[in-house]
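S.K.: Chain by chain, the residues run as shown.
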Amino acid sequence: MEQYGVILAFFIFGLVFVVANLTIASILSKKIKSQQKFELYECGEVAEGDAWIRFNNRFYLIALVFLVFDVEVVMIYPWAVALNEMIAEGNGVFAFWAMSVFVVILILGLAYDWIKGGLEWVKPNLLQLDYLKKDA
Amino acid sequence: MDNIFLWIAITLGAMVGLVSVVGIVSIYLERKISAFMQDRLGPMEVGFGSLVNAIAGKEVLREGRIGLAQSLADGLKLLQKEDIIPDGADKFLFKLAPMIVFAGTFSTFAALPLAEYFIPADVNIGLFYILAISSFGVSGILMAGWSSNNKWGLLGSLRSTAQMVSYEIPVGVSLVSIVMLTGTLSMKGIVVAQEGWFWNWHLFGAVGHHGLIGFVLLPMMVINFIAYFIGSLAETNRAPFDIPEAESELVAGYHTEYTGMRFAIFFLAEYGAIFVGNAIAVALFLGGWYSGIPAIDQANIPGIAPLVFILKTFVLIFVVMWIRWTLPRLRVDQLMTLCWKYLIPFTLFTFFSVAIYKVFIV
Amino acid sequence: MVIADFAFILVAAFVLICACVVVFHNKIIYSAFALLFCFFGVAGLYVFLNAEFLAGTQLLVYVGGISVLILFGILLTKNIEDLTSKEVSTQKIFGGLISVTFLGGLIYMVNSVDWKVSTPKPIENSPVEIGKLFMSDFLIPFEIAGVLLLVALIGAVVIGRDTDKDLEV
Amino acid sequence: MTPEEIFNKLKDKFGESKILSVHNNESAEVDICDPFINIEPLAMTEVAKFLKNDSELAFDQCCCISGVDLGDDLQAVYHLYSFNQKHKICLKATTNRENPAIGTTALTWGISGWLERETYDMFGIIFKNHPDHRRILLEEDWEGYPLRKDYEFPRYWRGMEVTPEEDYGTD
Amino acid sequence: MEQIKTDLMTINMGPQHPSTHGVLRLELKTDGEIVDSCRPYLGYLHRCFEKHCESLDYLKIVPFTDRMDYLAAMNNNWAFALAVEKMMGIEVPEKCEYLRVIVSELNRIASHIIAFGTFGLDIGAFTPFLLAFNQRELIFDLLEEASGARMLYNYIWVGGVARDVTSEWLKKVKGFCESYKPVINEIDDLLSYNKIFVSRAANVGIVPKDLAIDYGFTGPNLRGSGIEFDLRKDEPYSIYDKFDFDVPIGSGEEGTLGDCWDRYMCRIRETRESIKIIEQALEGISLEGDIYEAVPKNFNKMPKGEVYVRSETPRGEMGIYIVSEGGKAPTPYRCKVRSPAFCALSILEKIAKGVMISDIIVILGSIDIVLGEVDR
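Protein chains in written order, with my numbering: chain A, 1 to 136; chain B, 1 to 362; chain C, 1 to 169; chain D, 1 to 171; chain E, 1 to 376.
Isolated chain A (complex conformation) (with noise of 0.2 Å):
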């Protein structure tokens, strides 16, 4: 418990650590008002259209990808530091074949995956763009 305490400790001076920063930072620094300084940065032009818009939604798909073996991460290290003891109390083979048959089925998750293109991020194919496609 006490180690934790010194994590949570850590965690709460990171934050401090900041804002002193940050604070001393304040002190020194000068402060000369200009509106200009307090547009957004847009390659120097007014900023057109806005930043908060839909998104495009295959950043949501490999967040889902990454959650499944996410949890599959976790689910193997409890296993992986267990496995120790298990061999030593016999348990060796049959906790092997229980993950493989566990990986393995993620594994097939993955290659369905990997051919039905789902690791692919959204990406053009170059080579047959609309500009290339009349001469093909």
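Treat the hints with caution; some may be incorrect.
Now the stretches of chain A that chain B is said to cover, found in silico as 3 or more residues with beta-carbon under 8 Å [said to hold, decoys possible]:
(1) 30-41
(2) 92-106
Below 27 Å or equal to it, Euclidean Cα-Cα: the simulated DSS-like pairs (lysine-lysine) are [unchecked claim]:
(3) D/49 / D/128
(4) D/149 / E/171
(5) B/32 / B/91
(6) D/149 / E/304
(7) E/171 / D/86
(8) E/171 / E/328
(9) E/350 / D/49
(10) B/91 / A/31
(11) D/149 / E/301
(12) E/51 / D/92
(13) E/350 / D/149
Here are some chain E residues the structure puts well away from chain A; computed CB gaps all over 10 Å [said to hold, decoys possible]:
(14) 118
(15) 138
(16) 140
(17) 164
(18) 167
(19) 211
What the hints contain is simulated information worked out from the structure, not anything from laboratory work. For clarity, every value in this text was computed on a predicted model and none was experimentally measured. Virtual Cβ for every residue (Gly too), placed ideally from N, Cα, C.
Model the placement of chains B, C, D and E on the given structure of chain A, informed by the hints.
M.R.: Structure of chains B, C, D and E alone, referenced to chain A:
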């Protein structure tokens, strides 16, 4: 009760010192290394003397000859920069984001096994803890990119998030092999398992555990190490995986709108993350605080352990910089392909190999 | 353990505050980030229950995975910056009634149950125990979880394939 | 092919009303000049298409379109080159100053789109049926066409001083 | 299942952006990372060079041509000088021709160094850029010694060159040629065949032959699309017919013909050919003779008429169209510059649809624009 507070005070102090030194030294090294690789000199002018003069308001003489105080001077400069929050930004989240990113990174320092008796929080799930807490920083980056209401920032943070979560998988799987060998998640336990000569390091297989037959695992462990190393490069957004802040495409990625000290905090957190990423590689694959030669270990020379550990980490950091200044940048789809179609299958393969080795061979 | 109690109150208060923000804040993106912190705090609560491994899992899966998923999900919605949760005024009385009933029921339950307070010895090395339990008592659920994840993966692909048909490689 | 051959071929195809005349070094009233063919301005579109698609002519690249202010008239000068046949030709289309209009060649050569926009930007020649007829180098709200000889430099633009006072009105 | 709709995001790339190679503004409409449309806006560097010309003496225009393509000022000087010389029928002394070839081929190398260096930089390779830059510095030292300036030389005058050179200078040029060769090999090792670099540049921004011609590609861009056409070879001006050199063309060796890698590689190979030309010129040159011999004192003998002269600059074919009213006016009536980068840039709108934002940068880098010349 006093004991724990004293411990927290000591370790916090040490780790704050470490993170600052790591930041300053890494930035200096990065400049010098890149300069030497590119046939130029890098920072040459700013020495400690000129820095002192500058602070005292005296005439600044060019006293340094190798620019040792350059990073410090930059830090001082950043402290004096105006803090600008754009009008269009979501101010609360904009301010919160650097804190989250830094606190997330700094928390990982709590489980760094610098020496056998100097692990701030020697929790029994240490490895798992570091993996878990580093995913916390992801949300900070997303927050930074979204709140600044900047298109480059948003694109950068989305790329960054997708990249960091994806590469958590190969990193996680590649480390399972080591957990299987050592049977513990404690950082201390994993490092202690590699005591003695350097062939006991996990990079060279499982010699430390099972004698010569452990060499069978050498290729597996090398693959694991490479997969982990690539993964940690990607998780820390380093070249060739620096697409989230690719300056030629996204200007500066998620911290485009950040100025002054807030920007410096991101920078510090980034270098801290690089240090932690490589420190884990050292602890898990390269024998941690053991020098690899029993004669110069902590048993004989007290106090050498943290030095050995930090030195090894900096060797890896050098490799990271070397890679950055050598390789071009990947595109976002190629990055995902590398992760899902190469690293994950390879690490799953090594996972099975080590499992078979554990269950059927030894 | 006064300090531990203090820390517990701190963490619990953090979780509660975050949870309140999730429910009451007008901006959906704030709710999402508050939910993330709420998950983070819950991980802390797990630690107080000596379930370190579970805490790590909470961080890895909920903070690093599900929160990101939710945030991405929000980025898919339109006009997030002025998307506010609307008050449904027509349902006020009815809703209030239901909540009060539930609250009453909960209070009654809490009071009527004869709580057994026991302090079992904390498990020394929880991941090992969890690993062993996976391979013995909970083997079937463990494998079923694998199948469930497979279904999720396939589902992800099906969604993905349908939405970017025009970009099919 | 020589300019005469091109001229005759074009005249056979389009008739004298559209293909006006051909000039050679010798026949021109100037001292030095590349051979060129005068074209009726509004016929440019079809002539260009023919020049590109005819297998003997095969002018596949439009090197340059330059506007010239002739005083009373405005002129667009087209320099064409054929990678296939390795020959080149110069076309000229002259239009009146008040209502300058020339048929576009932007649908024939990709590059013409921008070159014509530049000519429009500088001379105010309207290219009929141009798919994207905007200014290119100057701002959309710029007044006047700078390369015309009678162009007067503006003193201010959007409140900014664009011509220094001492230079204003002296040119 | 109904498609989940995503909004198009409008992004301004430029004018203040690290990779637009100057003050170019691209208005991108993107769906996530995929570019839906890309519209270039020019004119941020517009100085109305052509209007200036109409009020300047021919010799006074030369320094202005420097400022068009400021990375290859020599070649611009030369292009203009060629046009005026053709108009006036001036025979340039052979020594001057040799000097012109040497300095403009040196400048061509310097310009290509920027082109492939910044192209690598756009893809994230910082080191080759600086290694190449060292060589550019050496070239600048040489050109400085010859002309007195490091970037904007005003060296090639109508009818001659501005300053004479010494035999030591020629030796230094020879020395540079030797030192350059290993560097370009190193860049090949470090960048050209690097797997990441190839995967970023190959099969991106493909410009097939017909499209390349249609959109006015010239120079290395055109040759990258596999068309062997070089004005120095096909319509040799000056003394280029005396030299033996190859015209490197793209072959699609790493991807598809006409992709960004081909254009990049063309430039790398062209610098080797330039070295060949310089070496031959160094052998052929004799330092006897007066360099000002053919420089006209005034332009009273300017004939009435017009010329259109093309010459090969590093960015492609620069055409100068001059209309003169004859001897009574010492200024051009009209001077039009056909700028190769302007023409090459016009293709961007066409080929940008459907690529990723990262690819836009790569395409832009590979067609190697200089905004000073695009906008004039």
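S.K.: Checking each numbered hint in turn, tell me which of them this model violates, lowest number first.
M.R.: Violated hints (numbers, rising): 4, 5, 7, 8, 13 and 19; every other hint is consistent with the structure.
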